[in-house]
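Under our numbering, the first residue of the sequence shown carries the number 17, and numbering increases by one thereafter.
Since the hints were made in silico from the structure, they are not lab data.
All C-beta atoms in this analysis are idealised placements derived from N, C-alpha and C, irrespective of residue type, glycine included.
Treat the hints with caution; some may be incorrect.
[To be verified] Lysine-lysine pairs mimicking DSBU-like chemistry, simulated, CA-CA at most 35 Å apart:
#1 K161 / K38
#2 K159 / K138
#3 K57 / K84
#4 K110 / K138
#5 K84 / K131
#6 K131 / K91
#7 K138 / K57
#8 K71 / K38
#9 K110 / K120
#10 K38 / K131
#11 K138 / K91
#12 K138 / K120
#13 K57 / K37
#14 K71 / K91
#15 K37 / K71
#16 K110 / K131
#17 K142 / K131
#18 K71 / K57
#19 K120 / K142
#20 K37 / K158
#21 K161 / K71
#22 K110 / K91
[Stated by the list, open to error] Computed spacing ranges between beta-carbons, pair by pair:
#23 L99 / I143: 26 to 36 Å
#24 R89 / L28: 47 to 57 Å
#25 S147 / L64: 34 to 44 Å
#26 Y146 / H87: 40 to 50 Å
#27 A75 / Y146: 35 to 45 Å
#28 A75 / E109: 37 to 47 Å
#29 A77 / G140: 14 to 24 Å
#30 R67 / D134: 19 to 29 Å
#31 H87 / L39: 56 to 66 Å
#32 F45 / A77: 45 to 55 Å
#33 Y129 / E27: 25 to 35 Å
#34 K38 / Y135: 11 to 21 Å
#35 G140 / V81: 22 to 32 Å
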Amino acid sequence: MEEKIFDVMIELEEDLAVLYKKLGGISRFASVRDVFEFMVKQASARALHIRAFMKELQAPAFNTVAVKELHNRLKDSVFIDTLNEPDLNNCLEKLGSAEDVIGKLYMSMADYYGKVADYYMKVGAKIESYSHEEFARRDILKKRKR
């Protein structure tokens, strides 16, 4: 999802750069051409910055195939081991060990989602920083009003 958001943001910035360049070329705006040139540079730089950020911040990956393989091996092993174990206490011990493995697996899933949450917090913070930069540019434009 976030990569699509960043792709949209890049497209918006590149589109804004084109718009500002067109506006800067209109003779009526000759007295504020420097503003449009500044905005072209800002939008183009933002698009490049977003691309770099996308490469820098990689979403955490979780190998669900490995989880399913572990589950199947554990399930098969527990079934065979308990089926062939004559001592009921040993069967319970083996079942307890299997539950321990499953618990550790769930802990690794919880850790993964903690990393995902951290990732999205960083994404949100970055996008928020972009909004503050936009507000700063808005203020620059307002100051140029006559």
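Cross-check of the supplied hints:
1. Of the pairs offered as hints, the one joining K161 and K38 holds, with about 20 Å between alpha carbons and a cut-off of 35 Å not exceeded.
2. Among the hinted pairs, K159 with K138 is consistent with the structure: their alpha-carbon atoms are about 32 Å apart, no more than 35 Å.
3. Taking the CA atoms of K57 and K84, the gap is about 50 Å. The hint is violated against a cut of 35 Å.
4. As the CA atoms of K110 and K138 are separated by approximately 42 Å, the hinted pair breaks the 35 Å bound.
5. For a cut-off of 35 Å, the pair hint linking K84 to K131 stands: about 21 Å separates their Cα positions.
6. A distance of roughly 28 Å separates the Cα atoms of K131 and K91; the hinted pair therefore holds under the 35 Å criterion.
7. Between K138 and K57 the alpha-carbon distance is near 25 Å, which keeps this suggested pair within the 35 Å criterion.
8. For the hint linking K71 to K38, the alpha-carbon distance of about 30 Å falls within 35 Å, and the restraint holds.
9. Restraint check: the Cα-Cα separation between K110 and K120 comes to about 15 Å, which is no more than 35 Å; the hinted pair holds.
10. Distance hint between K38 and K131 is unfulfilled; the C-alpha atoms sit about 43 Å from each other, more than 35 Å.
11. A hinted pair counts as satisfied when its Cα atoms are at most 35 Å apart, and K138 with K91 does not qualify at roughly 38 Å.
12. Only pairs whose Cα atoms come within 35 Å are accepted, and K138 paired with K120 is accepted, the gap being roughly 27 Å.
13. Among the hinted pairs, K57 with K37 is consistent with the structure: their alpha-carbon atoms are about 10 Å apart, no more than 35 Å.
14. A distance of roughly 39 Å separates the Cα atoms of K71 and K91; the hinted pair therefore is violated under the 35 Å criterion.
15. Between K37 and K71 the alpha-carbon distance is near 28 Å, which keeps this suggested pair within the 35 Å criterion.
16. Annotation: proposed proximity of K110 to K131 holds, straight-line Cα distance about 32 Å (limit 35 Å).
17. Among the hinted pairs, K142 with K131 is consistent with the structure: their alpha-carbon atoms are about 17 Å apart, no more than 35 Å.
18. Restraint check for K71 and K57: the C-alpha separation of about 21 Å stays at or below 35 Å, so the hint holds.
19. Taking the CA atoms of K120 and K142, the gap is about 33 Å. The hint holds against a cut of 35 Å.
20. A distance of roughly 19 Å separates the Cα atoms of K37 and K158; the hinted pair therefore holds under the 35 Å criterion.
21. With a CA separation close to 38 Å, the supplied pair K161 and K71 exceeds the 35 Å bound.
22. The suggested pairing of K110 with K91 holds, with an alpha-carbon distance near 11 Å, which does not exceed 35 Å.
23. Hint check: L99 to I143, Cβ distance near 55 Å, so the stated range 26 to 36 Å is violated.
24. Range check, R89 to L28: about 48 Å between beta-carbon atoms, so the 47 to 57 Å window is met.
25. Distance hint check for S147 and L64: the Cβ-Cβ separation is about 18 Å, which falls outside the suggested range of 34 to 44 Å.
26. Look at Y146 against H87: about 42 Å separates their beta carbons, and that is inside 40 to 50 Å.
27. For the pair A75 and Y146, the supplied restraint of 35 to 45 Å is violated, since their beta-carbon distance comes to about 19 Å.
28. For the hinted restraint 37 to 47 Å between A75 and E109, the CB-CB distance of approximately 40 Å keeps it satisfied.
29. A hinted range of 14 to 24 Å holds for the C-beta pair A77 and G140, which are about 20 Å apart.
30. Range check, R67 to D134: Cβ separation about 22 Å, and the 19 to 29 Å hint holds.
31. Between H87 and L39 the beta carbon distance is about 59 Å. The supplied range of 56 to 66 Å therefore holds.
32. In this structure, F45 and A77 meet the distance hint of 45 to 55 Å, their C-beta atoms being roughly 48 Å apart.
33. Between Y129 and E27 the beta carbons are some 30 Å apart, a value that agrees with the proposed interval 25 to 35 Å.
34. Distance hint check: the CB atoms of K38 and Y135 are about 37 Å apart, inconsistent with the given range 11 to 21 Å.
35. The hinted window of 22 to 32 Å between G140 and V81 holds, with their beta carbons roughly 30 Å apart.
The structure does not agree with the numbered hints 3, 4, 10, 11, 14, 21, 23, 25, 27, 34 stated previously, though it agrees with the rest.
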